[in-house]
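> The residues making up each chain are set out below.
Protein chains: 4
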Amino acid sequence: MLRVGINGYGTIGKRVADAVAAQPDMEVAGVAKTRPNFEAELAVERDYPLYAAIEERAERFADAGLELAGMVEDLVEESDVVVDATPGGIGEQNKPMYEAYDTPALFQGGESADFVDASFNARANFEASVGADYVRVVSCNTTGLSRLVAPLQEHYDVQKVRATLVRRGGDPAQTGRGPINDIVPNPISLPSHHGPDVNTIFPDLAIDTLGLKVPATLMHMHSVNVTLGDEPTAEEVRAVLEAETRIKVIREEEGIDGAGKLKELAQDVGRPRADLWENCVWGESITVEENANAGVDLYLFQAIHQESDVVPENVDAIRAVAELADAEESVRLTNDALGLGF
Amino acid sequence: MLRVGINGYGTIGKRVADAVAAQPDMEVAGVAKTRPNFEAELAVERDYPLYAAIEERAERFADAGLELAGMVEDLVEESDVVVDATPGGIGEQNKPMYEAYDTPALFQGGESADFVDASFNARANFEASVGADYVRVVSCNTTGLSRLVAPLQEHYDVQKVRATLVRRGGDPAQTGRGPINDIVPNPISLPSHHGPDVNTIFPDLAIDTLGLKVPATLMHMHSVNVTLGDEPTAEEVRAVLEAETRIKVIREEEGIDGAGKLKELAQDVGRPRADLWENCVWGESITVEENANAGVDLYLFQAIHQESDVVPENVDAIRAVAELADAEESVRLTNDALGLGF
Amino acid sequence: MLRVGINGYGTIGKRVADAVAAQPDMEVAGVAKTRPNFEAELAVERDYPLYAAIEERAERFADAGLELAGMVEDLVEESDVVVDATPGGIGEQNKPMYEAYDTPALFQGGESADFVDASFNARANFEASVGADYVRVVSCNTTGLSRLVAPLQEHYDVQKVRATLVRRGGDPAQTGRGPINDIVPNPISLPSHHGPDVNTIFPDLAIDTLGLKVPATLMHMHSVNVTLGDEPTAEEVRAVLEAETRIKVIREEEGIDGAGKLKELAQDVGRPRADLWENCVWGESITVEENANAGVDLYLFQAIHQESDVVPENVDAIRAVAELADAEESVRLTNDALGLGF
Amino acid sequence: MLRVGINGYGTIGKRVADAVAAQPDMEVAGVAKTRPNFEAELAVERDYPLYAAIEERAERFADAGLELAGMVEDLVEESDVVVDATPGGIGEQNKPMYEAYDTPALFQGGESADFVDASFNARANFEASVGADYVRVVSCNTTGLSRLVAPLQEHYDVQKVRATLVRRGGDPAQTGRGPINDIVPNPISLPSHHGPDVNTIFPDLAIDTLGLKVPATLMHMHSVNVTLGDEPTAEEVRAVLEAETRIKVIREEEGIDGAGKLKELAQDVGRPRADLWENCVWGESITVEENANAGVDLYLFQAIHQESDVVPENVDAIRAVAELADAEESVRLTNDALGLGF
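Chains as they are written, first to last, in the numbering used here: chain A, 1 to 342; chain B, 1001 to 1342; chain C, 2001 to 2342; chain D, 3001 to 3342.
Just to be clear, a hint being listed does not mean it is correct.
To be verified - Output of the computed footprint for chain A on chain D, the stretches with three or more beta carbons under 8 Å from beta carbons of chain A:
1) 3178 to 3184
2) 3214 to 3222
Claimed, not checked - If you anchor each label on the Cβ, the simulated ranges turn out as follows:
3) R1060(B) <-> G2341(C): 54 to 60 Å
4) E2236(C) <-> D3114(D): 58 to 64 Å
5) R1035(B) <-> R2060(C): 35 to 41 Å
6) A22(A) <-> R1332(B): 28 to 34 Å
7) E3242(D) <-> P2203(C): 56 to 62 Å
8) R2003(C) <-> G3070(D): 54 to 60 Å
9) P196(A) <-> D2336(C): 54 to 60 Å
10) R2060(C) <-> E3231(D): 32 to 38 Å
11) E3328(D) <-> E2059(C): 39 to 45 Å
12) E3328(D) <-> D1230(B): 46 to 52 Å
13) D1204(B) <-> E3235(D): 27 to 33 Å
It should be emphasised that the hints constitute simulated quantities derived from the structure, not laboratory data. We put the beta carbon where it would ideally sit given N, CA and C, even for glycine.
Can you make the complete structure from the sequences, with help from the hints?
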């Protein structure tokens, strides 16, 4: 059993821990956290050894009645692989610690692509991370775009991607984030950094992205245009996407009109934390229009669950780094263990 | 095994069905729905026999590939007790159908109190519904207030309750409801109807309520003042509330600042649909202040999960109507089967 | 002085009335309203003769202490031109009344384009409505897109427009509209009806649009891509847009990050009702990117004030219908009278 | 003419500047700002001499093409009275500067009451600030409560005030503030600091307050209970409030259901920045209920415009400090100059 440490036990970290615990070939070596709260209490209840991420605050755990297994350095030493799920920018600061203990590490999409060996998406470029030491699992939005682009590229000669990312302002429990009543260009200058981030997965892809921030918390929404060199019908594109295991194509009969009903569905089927690990593409929205300069213009809407779509990707990236399985086997193992697909 | 039919399979109905299925002494006879959607599909997946609530729309289920067990009248005939979880006002229209088949029925808090034998809260007046034919489980807000008032009355001589109910504008999946950016007196004329509704449980209680509607979807928030004839300390009141099985007193160490983190906690502990069946009272908020005219003024905040706090109450009301258990035993059975308390 | 009647005195109607009253060559013959409220009271205070739009409700105005000048038919007879600012779909029902009194009429963008002589945008096709009897001023979104496309077409060989319209869920005072916390594809099927609506102004334009609805009330936001046959720089495009009188290019030094600050600016300069009659384009967002199949891809964000951008257009359409001025003179008169430009 | 300097030219400062400019007995000596933006540009357009509040950033104004009249110290020296409208806590840091130039100063409600000579509300305690050097105009919420309590105290023997303040999360242009979808106890511990703040105006008043924060930007909403020793009818209380010049009692016929329509009304009547300087009390909400321990319980809802209700109070406080007029004359002058009442 591969021993996986998780440094940072917040929105992503706690999900990755549970996902690791559900796999047949790995186990949770422990989790590191900066301060005690209900999440720390639940880590202990789940028998995840709890480590303090910041030495000066270690006694606050004791004050809250929580027993520590040690400091984060101990966890790094204990682990075969570490998943760094700390806030954006902290991961890079942690890298020397992972190097000191010679422990391979995964970072999240909030980190720069510059200090890692590879950026990772299971569907598009698993191989680039096999045996690597430092790998970055790309952000929720880049993951969502990569899963969509990969099959389109294989089938239809993608010429250009244009996407407007209408992003949720904050996660459901982030009471300090806004906006309350605005639609905010973010960033204002175009194109946004999301396109170049997709290029860490698809170096030669022509892609321009725009970002907006709105007063919603449940999921991001992508308004996507892909100019294709070929001329498939909408039905053909839909069939291609339906064949993907990490894309859910929403059927008309489901009566789902937005992110609220998608989360309701996830709750009703019993998903842990009502997570939607898949891109959620509205089947009705998939459309192909004439393009005078190329084949056709494909349009569609997809909703992306910012809290969880990278979770199966992290699990696969662990296998890539530890050379536990190839892409196909890893994805199958992960999907089965978590229960993807509905 | 008592056979329970559920008429209306939306927010409340689907939760009651799952709660019934989890009990040792009852089973789901079937569920009736007005139209096919993802919820109907999942009812079938859970092996709840599916009935059409509206004859003219029955064929739409077939069109959606869903097999029906019959019409709602068949379900009523099949059932020992029916839980009517249809939208407010429809329950009253359904009563003649329940009478025609001589099937006892529960109604929800959106119905008038005038056409039933008793209004029900497990903590406060279970006995009034024992053996009754038509019982109304009071609304989420009235349930929340009743659970709070009952122990205070038993301990501290409640003289008057004043509560401002800051209500969520709609449930998470109700995309058509507002307001988007307003705080709306609702109703404008005071006191609101919520106080008289609490009087269906506590006929002699002096209570004045005010209602507001705000752009939030997760939970209602009650700002509560109770004038007590006695003079307990805040710590004493807190201990009394902590002893209640359907009140969660939020501890300071949990770091919970609003409904978002409460739902996050419910997700993290694995509650089905992240339901919070308990009143959630902030421990820090429980305060006792001087009152020149009486004992003391007690203040506190409690959050109420509008989608689920009545679910255990419905289960208990079934037992009351069917005379399956007394209050204490029923509450214990329900709490154990669902997993209340954290 | 041309006598203009306004049928429908809500969000658009009251603004059009004030804009008409501000012109040197027209006056308000009266306004028709369905029911008394603060807006009706203010119409009386402004000396706009008040007419009842619905005979059966006429006495409600008397009950509210408001004197009526007559019924809407009287207003139509009195007027040289009527501006119909009733809710979408009602305008078409009113057309026979305007025909009966032989009064030319303008309709709003919520109406079908099928029953009018022409659809109108002052910048793009003023001439099509000169002397026409029934003219439709296109919607706020179509107006905003038309103002942008017109100068681009004139300068840079527009090959295709792709726009995602991120729409406010409701106006600030519409407390009944949602969503509260969602991003809703609206419509789900693509492309949206907005593109064909732009084709009522530019019949040969290749345009695909997508619509989303979000929990915001202040302005719509357009995420725009225009594939140009020519290859201008971003600076050149910006200069072209800055030369337009109904486009405000937001300067970096203004420090405006969203619709909230735009409205704040409009308040601070003393605009009536804080109206933003102009398209508001972020200067920083104007960007030109490579396009392998054509000249270049232009991107930009523009905010559109749904309550007011059609107001100067209605004034110009009145002049077109009544043949009071040509496009250039009308736009100059309107802009001067209202005070456009900042 | 009294020369008034305004230090801090944001939400409150710009409104106070315009209000001062509208008075017959005072003029704007200048305004100090920390950085250039559209507000700074508009100050220059209005001929308010512009001063830099922070020396190190002074050159940024020149870079933005804005000419400075000097540094804030120059403004303080130039002024007979300074209104400090800087963010909460900065005012206290500025006090030594005002002392150094021997210039009397007003501070806003975000400052502590400890370092000033008096806290101020025009209706309740104008006299306490006459001739004082350092005066604090209490916050929007305290101003709103003080205006309500003063007439009730005079007429009906106020025994206790209990108020839940449902506060807007941020102002309309504050895109960085939340919550997006939550109702947040703020503060969690009770009673909130608002009650003691009201006691700076009414030292002997028994008042307990509770605060919540919600995703709305337009106005705060107060849910108010006042236990009265006397037993007036609701109509009598309403008449008392209608006689107040800084309370607007909303009439049923106006059809106003929330803050959105109140702002719409303010826009329609042409209020600068759609400001609502008055407490807005729903007439329908004024209710009197039985109280077994005292006279009666009065309930009502009032909406408070956080951006502007303190503006006329600042003008009056200037007159108090400068001994330009007594309370009655000052309030009359201010109201007439601004145009209060509708």
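> Hints first: check each against the structure and report whether it holds.
Checked hints:
1. 3178 to 3184: holds (count 6)
2. 3214 to 3222: holds (count 3)
3. R1060(B) <-> G2341(C): 54 to 60 Å: holds (56 Å)
4. E2236(C) <-> D3114(D): 58 to 64 Å: Hint holds: Cβ distance 59 Å, inside 58 to 64 Å.
5. R1035(B) <-> R2060(C): 35 to 41 Å: holds (38 Å)
6. A22(A) <-> R1332(B): 28 to 34 Å: holds (33 Å)
7. E3242(D) <-> P2203(C): 56 to 62 Å: holds (59 Å)
8. R2003(C) <-> G3070(D): 54 to 60 Å: Taking Cβ atoms as reference, R2003(C) and G3070(D) lie about 55 Å apart, which means the hint holds.
9. P196(A) <-> D2336(C): 54 to 60 Å: violated (46 Å)
10. R2060(C) <-> E3231(D): 32 to 38 Å: holds (36 Å)
11. E3328(D) <-> E2059(C): 39 to 45 Å: holds (43 Å)
12. E3328(D) <-> D1230(B): 46 to 52 Å: holds (47 Å)
13. D1204(B) <-> E3235(D): 27 to 33 Å: Holds: the Cβ-Cβ distance is about 29 Å, inside 27 to 33 Å.
Of the numbered hints listed earlier, the single one contradicted by the structure is hint 9.
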